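Dock chain B against the given chain A, drawing on the hints supplied.
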Amino acid sequence: MQARFRYVCGCVTERNGNRVERKDVTITVKDLYLSYNAKEVIHGISFEIYRNEIFSIIGPAQSGKTSLLRCLNRTIEFTSGTSVRGTVMVDGQNVRTMKNVFDLRRKIGMVAPLPVGLPISIYDNVAFAPRCSGLTNKSDLDGIVEKCLRQAALWDEVKDRLHSLGTAISGGQQQRLTIARALSHQPDILCLDEFSIAIDPVTTMRIEDVLIELKNEMTIILVTNLTHQAKRLGSRTMFLYNGNLIELDTNEVIFSEKPGKIETYDYINGLFG
Amino acid sequence: MSSNLTESTLTLPDAIPKRVKRVGRPRWAIIGEQALELLIRISGISAIVFVLAIFFFVFKEALPVLYSHNFSIKEFLFSTQWYPTSVSNVRYGTFALLVGSVTVTLLSMAIAVPFGLGAAIYISEFCGPRQKETLKIIIELLAAIPSVVWGFIGLTVISKLITTITGTAVGVNLLNGSIILALMSVPIIVSIGEDALKAVPDSFREAGMAMGTTRWQLILRVLLPAAKNGLLAAVLLGVGRAVGETMAVLMATGHSVKIPHGVFDSVRTLTANIAAELGEAAAGSPHYRVLFLTGILLFVITFIVNLTADFVIRGIKRK
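Listed in order, the protein sequences are those of chains A and B.
Read in the numbering used here, the first sequence has 1162 at position 114, and its numbers run on one by one without any break.
Read in the numbering used here, the second sequence has 191 at position 169, and its numbers run on one by one without any break.
In isolation and in its complexed conformation, chain A is listed as follows (with noise of 0.2 Å):
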């Protein structure tokens, strides 16, 4: 529990030599509850999530990474039958009594695990979001779909076929789509949900390279199977088990040989029971 608090915003920390730096807090989550038709499967975790870093969430399937991602920008709402106790504040705002909903969404690029290319061209899904807010001059958006679709390394295996439909590209091209699509809107914050998981591993790392120049603009948060993919890109991670938050920490102390939870430990490296 400790580890947790010991970064306090404003405050300057020293930790295994590292000088930790002021950070600005962008997403506070705090005393967070979520249910499904009465079974709880968050139980009150709290966080802090700071400007321009790599938050990685590890953790096994059924834990509520991605429930928690849904938290965040309201998509939870969605699922009937859900219920959600407690505060999540995204730039100093509370998002559950937000009325701008969709300036909340914009706020926040979110890449769903499985990817979902829209039914429209591929030009027409990454200019998406930038026509929904209004923008309709034709170079602006010709840019903004190549600087996106560069991003997100599909630029070059589609540049040819725009107009063809989003749904007709292979799952690992959706699912680069999707990413270009979530930067489409300039979020200040990325949720990557298991972006990585249809998508090969060259690709993976051209990828990866980007977020890391991405972190520069916008927080990324990234939920992720992979553990070293975590290790290589985060500087913090949070391990989730079964809707606990089991330790938050940075890479430096959860990718170490003594982690502050044994579970933490056992969980990276794959010594499971």
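In short, the hints are calculated from the structure, not lab data.
All values reported here derive from a predicted model rather than from experimental measurement.
Just to be clear, a hint being listed does not mean it is correct.
[What the hints assert, rightly or not] To give a feel for the contact side, a few chain B residues facing chain A, derived at Cβ under 7 Å:
(1) W50
(2) S225
(3) E228
(4) P247
[Unchecked claim] For lysine to any residue, the following SDA-like pairs were computed, each having C-alpha atoms within a straight-line distance of at most 25 Å:
(5) B/K220 / A/S1128
(6) B/K250 / A/Y1084
(7) A/K1186 / B/K220
(8) A/K1155 / B/K154
(9) A/K1195 / B/Q239
(10) A/K1087 / B/D224
(11) B/K96 / B/S225
(12) A/K1155 / B/D224
(13) A/K1155 / B/I241
(14) A/K1195 / B/R243
(15) A/K1195 / A/R1099
(16) B/K250 / A/A1216
(17) A/K1147 / B/I281
(18) A/K1147 / B/S225
(19) A/K1155 / B/L240
(20) A/K1155 / A/T1145
(21) B/K154 / A/S1128
(22) A/K1147 / B/K220
(23) A/K1155 / B/P151
(24) A/K1155 / B/I281
(25) A/K1186 / B/T236
(26) A/K1087 / B/P151
(27) B/K250 / A/S1218
(28) A/K1147 / B/R237
(29) B/K250 / A/L1210
By construction, the Cβ of each residue, glycine as well, lies at the ideal position given by its N, Cα and C atoms.
Leaving out everything else, chain B in the frame of chain A:
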């Protein structure tokens, strides 16, 4: 939750099912499957056989008239004079009937498509589960009303409404028939359209909403493109119903053979004409055969409608 470095609390599920032994399929199951397959094959082929048989008999009844001396195909298609029972001046011109069918269909679709698709979108996207069930039951009930009842409503209720509101002399006219047809097609458009929208995966909705779209943007930019084939099918089934409908238009349109100059003119449709006259025409007479030829004309119309729909869908797909 103090640091506990001695014992792990992570566990695996302990009951992993053992491998199930494979058993060969019994003989009766294999024979049964083949028999079932044969049955399904026969019912599939029967559809083709029936359609061909219908074609064959309609053509068989109609074709002899093409060779008779006082009939010309040009007159049949382009003349507005329909005097089948005249003693001295027999004329078989169906152009007015064709125009009647087309105008009634177009006008009824102009009324029914916005209502039908709007209702489908409302039921699928906006209303709550209880309201949804109620609305669907009511709409199915609407679809179950026999056409002669609709015709009766047109003849009495809507006809009276039209005369009192607009002051026109005759209430049974193009507008009346179109309203009745629209009322009949709306349930089909709604239920098929609602199915098409329901078939759009929720992940599309969620992906769209996660990008911060409003409900309308989501419907216009995601759901309608995703469901367009189904929605087009819904509209076309509505068109099919409107073109093929007989009894209601017979009662509601006024049944006079002329090219309408406005929505308050009475018209007669191809289908109503067949229904009204086939019973009186002597079997084998030119009149009787011309009515069958009108049936072929209807075939051609529906064929063209289906073909255009096919092309439209293909065009959408290629894009």
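Here is how each hint holds up against the structure:
| no. | hint | result |
| --- | --- | --- |
| 1 | W50 | 41 Å, violated |
| 2 | S225 | 5 Å, holds |
| 3 | E228 | 6 Å, holds |
| 4 | P247 | 5 Å, holds |
| 5 | B/K220 / A/S1128 | 16 Å, holds |
| 6 | B/K250 / A/Y1084 | 33 Å, violated |
| 7 | A/K1186 / B/K220 | 33 Å, violated |
| 8 | A/K1155 / B/K154 | 33 Å, violated |
| 9 | A/K1195 / B/Q239 | 24 Å, holds |
| 10 | A/K1087 / B/D224 | 22 Å, holds |
| 11 | B/K96 / B/S225 | 56 Å, violated |
| 12 | A/K1155 / B/D224 | 22 Å, holds |
| 13 | A/K1155 / B/I241 | 21 Å, holds |
| 14 | A/K1195 / B/R243 | 22 Å, holds |
| 15 | A/K1195 / A/R1099 | 23 Å, holds |
| 16 | B/K250 / A/A1216 | 17 Å, holds |
| 17 | A/K1147 / B/I281 | 58 Å, violated |
| 18 | A/K1147 / B/S225 | 24 Å, holds |
| 19 | A/K1155 / B/L240 | 17 Å, holds |
| 20 | A/K1155 / A/T1145 | 16 Å, holds |
| 21 | B/K154 / A/S1128 | 16 Å, holds |
| 22 | A/K1147 / B/K220 | 28 Å, violated |
| 23 | A/K1155 / B/P151 | 31 Å, violated |
| 24 | A/K1155 / B/I281 | 60 Å, violated |
| 25 | A/K1186 / B/T236 | 22 Å, holds |
| 26 | A/K1087 / B/P151 | 22 Å, holds |
| 27 | B/K250 / A/S1218 | 23 Å, holds |
| 28 | A/K1147 / B/R237 | 15 Å, holds |
| 29 | B/K250 / A/L1210 | 21 Å, holds |
In this structure, the earlier hints numbered 1, 6, 7, 8, 11, 17, 22, 23, 24 are contradicted, and the remaining ones agree with it.
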